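Asker: As a plain string of letters, each chain reads:
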Amino acid sequence: MNTVKLSRRAFGKLAGAVIATLSLAPFSAFAQSGPDLPVDLRANRRLDGWIRIDVEGTVTIFTGKVELGQGILTALSQIAADELDVDFARVRMISADTAHSPNEGYTFGSQSVEQGGEALRTAAANARAVLLAAASRQFNVPQSDLRVENGVILLADGRRTTYANIVRDAPELLAREVTTGVTPKRPSEYKLVGKSVPRIDLSAKFTGGAAFVQDMRLPNMLFGRVVRPPRYGAKLVSVNEASVRQLPGVVTVVRNGNFLGVVAEREEQAINARRALMEATKWSTDYVTLPDVDHLQQALPRWRSEETVVNDAGQDTPASGIAMQLEATYSRPYLSHASIGPSCSVALLKDGHMTVWSHTQGAFPLRGNLATVLEMPASAVDVVHVPGSGCYGHNGADDAALDAALLAREVAGRPVKLQWMRDDEFAWAPISPAMVMRVKAALSKDGRISGWNYDVWSNSHAMRPGQPGGVNLLAAWQLAKPFQPSPPPRIPQPYGNGDRNAVPVYDLPRRRVTNHLLLDAPIRTSSLRTLGAYGNVFAIESFMDELALATQADPVAFRLAHLSDPRAIAVVREAANRSGWHPGEKGDGQLGRGFAYSRYKNFQAYVAVVVDVHVDRSTGVVSVTNVTAAIDVGRVINPDGVKNQIEGGIVQALSWALKERVMFSHTEITTRSWQDYSILNFDEIPPIDVVLLDRPDEASLGAGECSLGPTAAALANAVANASGARLRDLPFVPATVLERLV
Amino acid sequence: MSISITVNGKRHLLNVVADTPLLYVLRNDLQLNGPKFGCGEAQCGACTVMIDNDATRSCVFPVGAVGAAQVTTVEGIGKGEGLHALQKAFLAEQAAQCGYCSSGVLMTAKALLDRNPDPDRATIQRELAGHKCRCGAHNRIVRAIQRAAKESRG
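Residue numbers (my numbering), protein chains in the order written: chain A, 1 to 742; chain B, 1 to 154.
It is possible that part of the hints are untrue.
[Unchecked claim] Now the in silico label distances, taken between C-beta atoms and shown as ranges:
no., chain 1, residue 1, chain 2, residue 2, range
1, A, 482, B, 88, 48 to 58 Å
2, A, 221, B, 116, 53 to 63 Å
3, B, 152, A, 489, 51 to 61 Å
[Unchecked claim] Just some of the chain A residues that point at chain B, by a computed CB distance under 8 Å:
no., residue
4, 194
5, 199
6, 202
7, 230
8, 233
9, 234
10, 294
11, 296
12, 422
13, 644
14, 651
15, 681
Keep in mind the hints are simulated off the structure, nothing from the lab.
Because the structure is a prediction, the values reported are computed rather than measured.
Note that the Cβ used here is the ideal one computed from N, Cα and C, for glycine as well.
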């Protein structure tokens, strides 16, 4: 089976081998700035780098964005088909591939519809205009006399041609730059955008089709596994390689510094050999001292940090008429991505060229780091995205890609499929950092917030491959000639790192927000869905509730009193109405409900959430009985897709908030299996009601991350409403709840 | 050593060690994608197949123990134009995000509906207790199973 075909065919509709009939100049040759072009187009201006149409009329869309289970390729197909006036079924998607696709950086931060979608819309509008201009010349009629139906260009007098005919006559037609002069369609003209088109990738996933990198099978493929040190800091002292090489099916043992792996003919042989290799290896007793997992709230603010005031206003006006001052400190623990499928990659070194199939979120940045570590020119390395299991951020995907390449390098000519075992993923993938959030506020006599002071302490939530100043790949740090990790980046507001959403979304004339970026990272950390926003929104929205209670105001009314953006007000009102919110309603000791609102990154989606809970006072178990959410993501591309993302975000946030924390001793991560890391079960999932406030004339906003922070805060507020206990330290496990319920 | 197993109605003669977990035989020798490696410890459910009538974790089930039993994977319940009611219902409800857990969940659901054609929400939730879904598609999955049950009953 052909390699490229296999990875593509996996997706049914995302089908077809890439037929590179046109030789593309390197994308970088077109990396000029174009002020009015969508950002993803500015570095990728070649129109045929985005869209190609073949003589059969099939439209192939190249995107640098990748499917992570969020349905992005379906949404992008809708946008392209709509703009081009072709049937959805005619569109094929080719996702991030360093040999073929535009470089759109990472698929992260709920930006794919906003940025990737906008770029694709502009490119598609360009393509349509170019095709119509060609038809206009051919028939010698003005373009205004032409209309398009499913790729057929129709004239008023009955004559017709097709996109396919036009590209047959002029195969180079789309080999040009995208320009700013073409106006995409008006939202009122959309036929597919705004519809709940079924996901293009799900059919394969329900029938055993090849849908994942884990499902790739190449001729002569070998299987790889790696052996990691028992803890951070441990060094490889000795290994009895010979004993492992004798095992059935073992092809080779790879050792390079502290990196250790094995390649075998069969998968179970590789797994058995890994086990044997662990027993045959002696590691030094070195370790990195890890903090006390039960006292992170006290520890983090004492760590070495870099302080930045990220938002400051009204400090020159003295606060007056202060009736009350409140202060509270909140925390959240280290969290695991806990992907269901451990990270996997297939790599092949052939004729001096390394091809790596990976579920990375950033094929191009990964390619750069792989080339550096492998000491190969970037042109000799390609990364092809093939989906993996849901990642929710920077899990082990990129690390597994390097592991696979390091093993494949030793068996040139034969592909190696490398998959991490469950304990590799839990103990060695990057982990989402713990955070401490402290907030102080002054309330005036009229019950308004007259001063706000906020501090957040966190390690970096962004330690991805491709960041400057180092290499962020696990094995790269283990090699005999090791690479250093990149330093933690300062990411400006409103994107933020640990300070994402640290700036309150309310009208607070006097405020100061300080980010304490922790510089020493005993635990390896990086991006998990929302970065710092989950912790910050949890803290801010919990505190808003505490302020409302202190002023004896209803939590919804108190928020509305500090909001002026009509779209914010609309989602708050909608969530309250939809859930049947009764102002001032008290919990009965066990049952209660809580409210929270936020706007993701202060400029993206608007979200209001109501959570209903039952608190079992004898066991400390918090059960969520219902969730209502009102969402404004601007123009909705695919309503069911957005709802799916919001529902998933709510479930994941409830799971984080009720159950999850990565555990470690003073020397090592002790969360190694699902027994050590509970997530929400099927019988713990509440009914979830999501209402979308569609705003077809507003720009589309990403939906993947916006719901998590508000959900955790609404949960905390519901527990307080139900039981009177204000829980400020996540997660709300029964033992913690019981302690607070006295 | 030669082992014979029947998978999706077809007999296969395999030259594998008897204690090889069934999962790797299904995925690598028989090239079936449905059962997935998730944990290798029977804790997540991604590898679930049916052995005769029982939903079984293939990652810890030795191929040598299959014997004369019938193994069924998601590939064996329906494909193409002939989808099983559960597969149709999962599509109708768009009951997944990443889909990595789907095949295993479908097999447990099949085993459930085969013996209980009308399970309520709580029963379905309880039955799926051994399956982990990280994307949060749980409610859609439960709805899809109820839909399939209803449509199968006619």
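Asker: If you take the shortest Cβ to Cβ gap from residue 681/A to chain B, is it below 8 Å?
Answerer: 6 Å, holds
Asker: Holds or violated: is there a CB of chain B closer than 8 Å to the CB of residue 194/A?
Answerer: Violated: closest Cβ of chain B sits about 16 Å from residue 194/A, beyond 8 Å.
Asker: Given the hint of 48 to 58 Å, check if residue 482/A and residue 88/B actually sit that far apart at their C-beta atoms.
Answerer: Holds, at about 53 Å.
Asker: Using 8 Å as the Cβ threshold, decide whether residue 651/A counts as touching chain B.
Answerer: Check passed: Cβ of residue 651/A comes within 3 Å of chain B, closer than 8 Å.
Asker: Residue 152/B and residue 489/A, beta-carbon distance inside 51 to 61 Å?
Answerer: About 54 Å separates the Cβ atoms of residue 152/B and residue 489/A, which means 51 to 61 Å holds.
Asker: At a threshold of 8 Å, is the proposed contact between residue 296/A and chain B supported by beta-carbon distances?
Answerer: 24 Å, violated
Asker: Can we keep the residue 294/A interface hint, with Cβ of chain B closer than 8 Å?
Answerer: Violated, because the Cβ-Cβ distance from residue 294/A to chain B comes to roughly 25 Å (cut-off 8 Å).
Asker: Next item in the hint list is residue 234/A. Is there a CB on chain B closer than 8 Å to its CB?
Answerer: Check failed: Cβ of residue 234/A comes no nearer than 23 Å to chain B, outside 8 Å.
Asker: Just to be careful: measuring from the Cβ of residue 644/A to every Cβ in chain B, is the smallest value less than 8 Å?
Answerer: For residue 644/A, the interface hint holds, since the closest Cβ of chain B sits about 6 Å away, which is under 8 Å.
Asker: For the restraint on residue 233/A, tell me whether the closest CB of chain B is nearer than 8 Å.
Answerer: Since chain B brings no Cβ nearer than about 26 Å to residue 233/A, farther than 8 Å, the hint is violated.
Asker: Have a go at the residue 230/A hint: is there a Cβ in chain B nearer than 8 Å to its own Cβ?
Answerer: Hint violated; residue 230/A Cβ to chain B Cβ min 19 Å, cut 8 Å.
Asker: For residue 221/A and residue 116/B, compare the CB-CB distance with the range 53 to 63 Å and indicate the outcome.
Answerer: Given range 53 to 63 Å: violated, Cβ gap about 41 Å.
In terms of the numbered hints stated before, the structure departs from hints 2, 4, 7, 8, 9, 10, 11, listed from lowest to highest.
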